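Colleague: Residues per chain are reported as follows:
Number of protein chains: 2
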Amino acid sequence: MYSFEYLKSFVINLFLKNNFSEQDAEIISDVLLAAELRGISTHGLMRISEYINLLEKGRIKAQPEIKIIHETSSTALVDGDSGLGMIVGKFAMNLALKKSDSVGTGWVAVRNSNHFGIAGYYSMMALKSDKIGIAMTNANPLVAPTFSKEALLGTNPIAVAIPAGLEYPFVADFATSPVSRGRLDVMNMNNEKAPFGYVQDENGNPSDDSGILSKGGAILPLGGDREHGSHKGYCLSSIVDIFSAVLSGANFGPFVVPSLDYISQKKDNYKGKGIGHFFGSMRIDAFQSAEDFKRNMDLWIQSFKQAKPVDGQKEVIIPGEPERESEIKKMKEGIEISESVLRKLNLIAEKFDLKKI
Amino acid sequence: MYSFEYLKSFVINLFLKNNFSEQDAEIISDVLLAAELRGISTHGLMRISEYINLLEKGRIKAQPEIKIIHETSSTALVDGDSGLGMIVGKFAMNLALKKSDSVGTGWVAVRNSNHFGIAGYYSMMALKSDKIGIAMTNANPLVAPTFSKEALLGTNPIAVAIPAGLEYPFVADFATSPVSRGRLDVMNMNNEKAPFGYVQDENGNPSDDSGILSKGGAILPLGGDREHGSHKGYCLSSIVDIFSAVLSGANFGPFVVPSLDYISQKKDNYKGKGIGHFFGSMRIDAFQSAEDFKRNMDLWIQSFKQAKPVDGQKEVIIPGEPERESEIKKMKEGIEISESVLRKLNLIAEKFDLKKI
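So the protein lines, in turn, are chains A and B. According to our numbering, the first sequence is numbered sequentially starting from 92. According to our numbering, the second sequence is numbered sequentially starting from 92.
These are computed hints drawn from the structure, not numbers from a lab. Possibly wrong hints are sitting among the right ones.
Repeated chains share a single entry, so a pair holds when one copy, or any two copies, can fit it.
[What the hints assert, rightly or not] Derived BS3-like pairs: lysine-lysine, alpha-carbon spacing no greater than 25 Å straight-line:
(1) K405 <-> K306
(2) K423 <-> K447
(3) K108 <-> K435
(4) K158 <-> K385
(5) K423 <-> K442
(6) K219 <-> K189
(7) K306 <-> K399
(8) K421 <-> K442
(9) K385 <-> K284
(10) K284 <-> K447
(11) K306 <-> K446
(12) K306 <-> K396
(13) K306 <-> K152
(14) K219 <-> K405
(15) K420 <-> K99
Every value quoted in this text rests on a predicted model; they were computed, and no experiment measured them.
Starting from the given sequences, assemble the full structure and let the hints guide the process.
Modeller: Okay, here's the thing in structure tokens:
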């Protein structure tokens, strides 16, 4: 178990050694540690080796010049100049928040970015000023649309954070597939089978092989099969891809350049404008009084928590609740880092002449 | 088989007889016939008897005074004054489109409305002026959140319409559950079993009874069970409920007053502000050149259609494609109306002294 502060300063020092500014190293560590605290370790320190790999290949710039390419009073298009997603993402979400201050809502499409960690982080930036925050991103093509043998879409997560009054906020943050790539990686690392309904083999047949992605297989869309609505998961993932990447001019669908060694690129990289994100901010009081809204959100949350649970379950879970509880617990008791992640991080520490974890 | 024009004039005359204005009767018939043409008959003429029932109960007003309660340059809150959803919906979507003309995007939350037919209709209103259209609505509480015995959410559909260039537009329009209430009703009417993964019984156990909704059962969220991501379907449906109803001040979650006789009301109606919708419009050129965007949407669509299909399937289907093909076919060959719907409509025709279909 490691304390939040201890791991945070490790991450900051590592990115400082890689030519990131102090401010940017702070942002990166903040987002990665938020994932660890919230129990989403698949988007935490585990990802650092991937980032360092892309930095060394020149695919991520340590000192990007992030630019606003075009804007209206409620929108903007941002070019991330191959920066790491956390830096680009925080810039863009702040811009969306600012626009909503003046005209009620703000919407920012981003191109030329990279993996940004947990989408929930950006959506939650809206909460303190009584706004609804929205964040989404496209990603490595790993998900096969309904009826396709080929993976054309990412696990493309959506996060929506909504303020409440006395209750804790509603924070939904989910991949638009039954399972995230990170969770499959962990299952595969532990030699576990995947439940049927997560992946298909290279011919589109059902599979329970958690390592199928490196063998031409693909993740299924949310819904699993056509009869159970996989076309709806496919729609949802497509919407995230189009908002994040077609609207911004980033690589979309099968053209996304994989950031993982085990995925071969499906199509020629047609433009090279990184991956894309999409951020939104809506001021509650652009619709109605924030006080009334938050009182009703409390009622919404309470009426869901008071619903009769199925046998064996304590209650209906409000989106964001398990993550918040994990955050409180880990802040107090410390963060566990798996052996394999520790090994990788310590190799990196050695390489950059840093004290090992 | 009946021609589009024949059915349209039947619907117009019926609503004229019920004190709707000519303009409004035209809008209602337009939305209902769009559903029939697009092959979504569960949202077409089949719904008319429900609307007439609610009109007679005084829950729908034929001549509502639709009002803008609050607005900013990019947002508005609209009160539908218990109008039928099509009339209120079209008013609100037009307002969203207008706002996006001036500030890039427009977002309208609506309360005090009723069933609005197919969400896709409103989203598609954005296409002709190179905008992305978004429409969603909450509905009768029929869906049980993950771990709940009780149904607290509607099948809460989302529609997103995105323009393309030479290709036809992308139009996703889907309930956030594996099955819509309408399709279950049809299965039940035909004495068909539902596939497992659609519904649960009153104790939250798996069921294949398509008539379970009238016996205390519930529809499952998209994903089916917790292991396969039902919590993501639950999140999605919740977001639609909160955007449509908490943001607007409509009845939300379990407080929605059912429009169906077979559903008992779960909670006291706390406010009586009907159901809620949420509409959005984003001008493509508020982000980048509409020409470039549409060229890339063509490439997006083509690369999905060219993906290798699984055995037994012709190709990957682009959202909106089957509905568009149905529209062309039915416009030419006519629209089929089921015996049971015909019977109900002819009873209504008789009552209002109209020529039977």
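Colleague: Next step is simple, just say for each hint if it's right about the structure.
Modeller: Quick rundown of the hints versus the structure:
no.: 1; hint: K405 <-> K306; verdict: between (40 Å within a copy, 24 Å between copies)
no.: 2; hint: K423 <-> K447; verdict: within (23 Å within a copy, 73 Å between copies)
no.: 3; hint: K108 <-> K435; verdict: within (17 Å within a copy, 75 Å between copies)
no.: 4; hint: K158 <-> K385; verdict: between (35 Å within a copy, 23 Å between copies)
no.: 5; hint: K423 <-> K442; verdict: neither (31 Å within a copy, 70 Å between copies)
no.: 6; hint: K219 <-> K189; verdict: within (13 Å within a copy, 30 Å between copies)
no.: 7; hint: K306 <-> K399; verdict: between (44 Å within a copy, 16 Å between copies)
no.: 8; hint: K421 <-> K442; verdict: neither (29 Å within a copy, 67 Å between copies)
no.: 9; hint: K385 <-> K284; verdict: neither (43 Å within a copy, 42 Å between copies)
no.: 10; hint: K284 <-> K447; verdict: neither (33 Å within a copy, 61 Å between copies)
no.: 11; hint: K306 <-> K446; verdict: neither (38 Å within a copy, 64 Å between copies)
no.: 12; hint: K306 <-> K396; verdict: between (43 Å within a copy, 23 Å between copies)
no.: 13; hint: K306 <-> K152; verdict: neither (31 Å within a copy, 60 Å between copies)
no.: 14; hint: K219 <-> K405; verdict: neither (30 Å within a copy, 50 Å between copies)
no.: 15; hint: K420 <-> K99; verdict: within (17 Å within a copy, 61 Å between copies)
Of the hints listed earlier, those the structure fails to meet are numbers 5, 8, 9, 10, 11, 13 and 14, in rising order.
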